[in-house]
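Asker: Here is what each chain is made of, one letter per residue.
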Amino acid sequence: MADLKYAFYTGCSAKGVAPELYDSTMLVAEKLGMELVELEAATCCGAGAVQEKDEFLAITINARNLALAEEMGLDMLTICNTCTVMLRESKFKLDSDPELKKAVNEVLAEAGLEYKGTVEVTHFLWEVIDAVGLDKLKELVVRPLKEFKVASFYGCHIIRPPYLIGYEDPDNPKSMEMVIQACGATPVEHDARLACCGFHSFWSAEDEVTLKLTAKDAQSAKKEKADFMVTPCPLCHTQLDAMQPEAEEKIGTNIGMPILHLPQMIGLALGMNPKKLGLHKHIVPTAEIIKKLAA
Amino acid sequence: MEKFNLRVFRYDPTVDEEPKYETYTLPLEKGMTVLAALFKVKEEQDPSISFRYNCRAAICGSCAVRINGHAKLACKEQITKLLKQFDTDTLTVEPAGNIKVLKDLIFDMDWIVDKMKKVKPWFIPKEPPPEDGTEYRQSPEDHAKIDFASDCILCASCMSDCNALSVNKEFLGPLVLSKAYRFAADTRDGAKRERLEAVLDKFNLEWCVRCWECTTRCPKEVQPYENIIRLRIMAAEEGFKSPGEIHAEIFEQDIVNRGLLNEMLLPFRQEGLLGGLKRAPFGIKMFLKGKVNIADFFGGHSIPRIEEVQKIYEKAQEKKKEVHIKIPQILGLVYEDKRKSKKNKESSSNGGQE
Ligand code: SF4
Ligand code: SF4
Ligand code: FES
Chain A
0 MADLKYAFYT GCSAKGVAPE LYDSTMLVAE KLGMELVELE AATCCGAGAV QEKDEFLAIT
60 INARNLALAE EMGLDMLTIC NTCTVMLRES KFKLDSDPEL KKAVNEVLAE AGLEYKGTVE
120 VTHFLWEVID AVGLDKLKEL VVRPLKEFKV ASFYGCHIIR PPYLIGYEDP DNPKSMEMVI
180 QACGATPVEH DARLACCGFH SFWSAEDEVT LKLTAKDAQS AKKEKADFMV TPCPLCHTQL
240 DAMQPEAEEK IGTNIGMPIL HLPQMIGLAL GMNPKKLGLH KHIVPTAEII KKLAA
Chain B
0 MEKFNLRVFR YDPTVDEEPK YETYTLPLEK GMTVLAALFK VKEEQDPSIS FRYNCRAAIC
60 GSCAVRINGH AKLACKEQIT KLLKQFDTDT LTVEPAGNIK VLKDLIFDMD WIVDKMKKVK
120 PWFIPKEPPP EDGTEYRQSP EDHAKIDFAS DCILCASCMS DCNALSVNKE FLGPLVLSKA
180 YRFAADTRDG AKRERLEAVL DKFNLEWCVR CWECTTRCPK EVQPYENIIR LRIMAAEEGF
240 KSPGEIHAEI FEQDIVNRGL LNEMLLPFRQ EGLLGGLKRA PFGIKMFLKG KVNIADFFGG
300 HSIPRIEEVQ KIYEKAQEKK KEVHIKIPQI LGLVYEDKRK SKKNKESSSN GGQE
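If you're matching them up, the sequences are chains A and B in order. First residue of the first sequence? That's 0 in numbering that gives the first Met the number 0, and the numbers climb one at a time after it. First residue of the second sequence? That's 0 in numbering that gives the first Met the number 0, and the numbers climb one at a time after it.
Bear in mind the hints are in silico, worked out from the structure with no lab data behind them. All values derive from a computational prediction rather than experimental measurement. Even for Gly, the Cβ is constructed at its ideal location relative to N, Cα and C. Accuracy of the hints is not assured; some may be wrong.
[As the list claims (entries may be wrong)] Looking from chain B toward chain A, a few residues come up when the C-beta cut is under 8 Å (computed):
| id | residue |
| --- | --- |
| 1 | T133 |
| 2 | E134 |
| 3 | N162 |
| 4 | W206 |
| 5 | V208 |
| 6 | G243 |
| 7 | D253 |
| 8 | G258 |
| 9 | P303 |
Produce the complete structure using the sequences and hints provided.
Answerer: Written out as structure tokens, the structure reads:
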């Protein structure tokens, strides 16, 4: 059995607008036998914003984040797609450019730190599949979600770009469907499975792009009569759940598609209390799901 | 002999009201490409089918189509590989997405050319050519900044799968923005500001949602998404103020001052008091749902060891002046988790002995 101890990089969202992601991750990880040691001194990954203003700074702060995990001697586990890709992008650049690595380490030395490049950046979804294992997950399922049709929403940064992600084929990924099935639910095919939620252009193109994508995604799951959508990314969640009413207003149609975080769905299948998993904290009501579970 | 199906998008606007799909069954030949399969259909089953091609060697960029939903060059993709990749006996071939279809698999390239004209994708010299009659020169380091971006074959694969374009055709798109970068970043070019102004018109450059589809689809080493980011960095350096620029500043300040982003105060800082107030009902809704911490409205907490981050920030400001970050080669590269490669190595070296 693989070692299930990780340096846990929460990211800003799980500590900010998506507390239910933090709570459900902790509950589910414990049940699955994962030990998450929180990187309390880690900073924001830059989220692509810092990267497009000051690339060197973005790489340096992530080198520090990675150095903190190296201090612990543990691989870094994230629960956000964008954190994953940003941390990996910095790592990729540092590992493939010795001069850059040297310069960054001269900066880190100010704080008595060094980036060596000895730890990996991985995502909760991948560790559930590879380290915990789907057989183990299936064993632990006490409330199979057999009456649920579930639409997966991968979110861009867990499949693209291959040179930074590479976990599975970006044209035909299967990981989310595999976990949905392990939870006893039925995955539904839908058009927006691999699409973008629009989050990253919210402040520059809310009306022009973002809300239109959000509406299109939620409608795509609705069209296939999914009970809910599930995503491994809190940014997708904020966009698709918290912003869904704005998206509905934009297109003048009600959608009402509940969006679950990946650990929330797993938690339900593990028989955990929906309230403990934070289902009541969503903007799009999850009452139908809870009703169906209780029936 | 083994067979497979080619399900092809058919549409002739002069006669058809709606597009339709027709399925052709073909024998599976070793090494057969999608383009070769289309030829076989045209020669043996249906001469009316239309598609574009020229070089048949992934050079001219004429043959981009969508195969099972993703943009690819028809002449580069082998049928056997695709059948395996999608675990199927049927491949669906459609014209590139996001672009008007002229007939069957042929799309409207003029639309892209018109967009390109906006960024003037041609060399506008900064100064007259050297007096000694030689050519314009640039150092190998400077050339490396645009070399890869000059490899674009105008295939439009990136435009086809672009998420921003899928909902707004006014977006310039990855091909066009990448072209703008190629010239704006050329040290011999004199129209950098003009090009930046063109891509920042209505902040078009910032409509990109960072979905990374364009780079994933590009059959050459062009890196369209990364070029969009490079353009944004250039715009910031040139002093252009944009929503993205303000956003980046807020992130930078929060990292230095508290470590994590303060999402609750973000609207006020991004859009000013009025903009923030416009979003107040949303903030209240989030608060009532228990999604946000009231303390965050008053600045909230900072991470432990924040002094360390501040020292690093100061030092990085100095250091970055002497650092030159190389542009990596990424085409065909697939990230490998070192834990996995280690495991594979161990199991293969044990192979046969256990
Ligand atoms: S990264 Fe930007 S330009 Fe590239 S496909 Fe996505 S939205 Fe389009
Ligand atoms: S950037 Fe790449 S995908 Fe886009 S048109 Fe050029 S070669 Fe094709
Ligand atoms: S025919 Fe030229 S690129 Fe395919």
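Asker: Give a verdict on every hint.
Answerer: So, going through the hints one by one against the coordinates:
1. T133: violated (32 Å)
2. E134: violated (30 Å)
3. N162: Holds. Min distance 4 Å.
4. W206: Holds. Min distance 4 Å.
5. V208: Holds - the Cβ of V208 (chain B) comes within 8 Å of chain A, reaching about 5 Å at its closest.
6. G243: holds (5 Å)
7. D253: holds (7 Å)
8. G258: Result: holds, 4 Å to nearest chain A Cβ.
9. P303: holds (5 Å)
Going down the numbered hints, you'll see the structure goes against 1 and 2, while the others check out.
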